[in-house]
Amino acid sequence: GESVGLHLPTLSVQEGDNSIINCAYSNSASDYFIWYKQESGKGPQFIIDIRSNMDKRQGQRVTVLLNKTVKHLSLQIAATQPGDSAVYFCAETSLGGAQKLVFGQGTRLTINP
Amino acid sequence: NAGVMQNPRHLVRRRGQEARLRCSPMKGHSHVYWYRQLPEEGLKFMVYLQKENIIDESGMPKERFSAEFPKEGPSILRIQQVVRGDSAAYFCASSSLQGGDTQYFGPGTRLTVL
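Quick mapping for you: the protein sequence lines, in order, are chains A and B.
Per our numbering, the very first residue in the first sequence carries number 1; after that it's consecutive.
Per our numbering, the very first residue in the second sequence carries number 1001; after that it's consecutive.
Don't read these hints as lab results, they were simulated from the structure.
All residues carry an ideal CB built from backbone N, CA and C; glycine is no exception.
Heads up, a few of these hints could be off.
As the list claims (entries may be wrong) - A short, non-exhaustive set of chain B residues, derived as facing chain A with CB atoms under 10 Å:
{"hint": "1", "residue": "Gly-1016"}
{"hint": "2", "residue": "Gly-1028"}
{"hint": "3", "residue": "Ser-1030"}
{"hint": "4", "residue": "Ala-1093"}
{"hint": "5", "residue": "Gln-1103"}
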């Protein structure tokens, strides 16, 4: 289940199950959103992105949903694998400006065998 | 196609010393961003550079920190007179407008100040 610890929120799922990671973004002017995966000791790795003129985008085993009305973003990972264990960050930016990314808090996903 | 490269991967400095972090963007990318990450936190924007220009440094501390991206060579993030609070992971990302706006990150430099 999902819980908030002292630091990062955590989500534990069984291998093979689907997982959903949620993110509330802060700036209604943001029009470009990205999900990154960060494994321990590594840099963020691009997973999938979505622009504000879309509400859904699918990749390989991943789907991003965007709800601009409530400023909510979610990442769905299908058929999770042990290699999916990592911290997942959403990031937002405005394409018209400097495009500096504003990162969310992050969620630690743990896949149980 | 090599990704974003950063060096050193780990850097240890004593208080008062200088730290120089290097970033080579992906081939064809002319936009470089620096971010700082404290343990168990998300990345925080520091500075955005294009070749020979600082475009946005709104996330940089006013003192001791500077960044450059010269015409030739890597981007450099320089921290003078380091303090323990500077200990963090520093990540560089690069992007190319022609390739879309996605920022691709390097492996980071982990700075430890003793």
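Status of the hints after comparison with the structure:
no. : hint     : verdict
1   : Gly-1016 : 27 Å, violated
2   : Gly-1028 : 16 Å, violated
3   : Ser-1030 : 13 Å, violated
4   : Ala-1093 : 8 Å, holds
5   : Gln-1103 : 6 Å, holds
The earlier numbered hints that this structure contradicts are 1, 2, 3.
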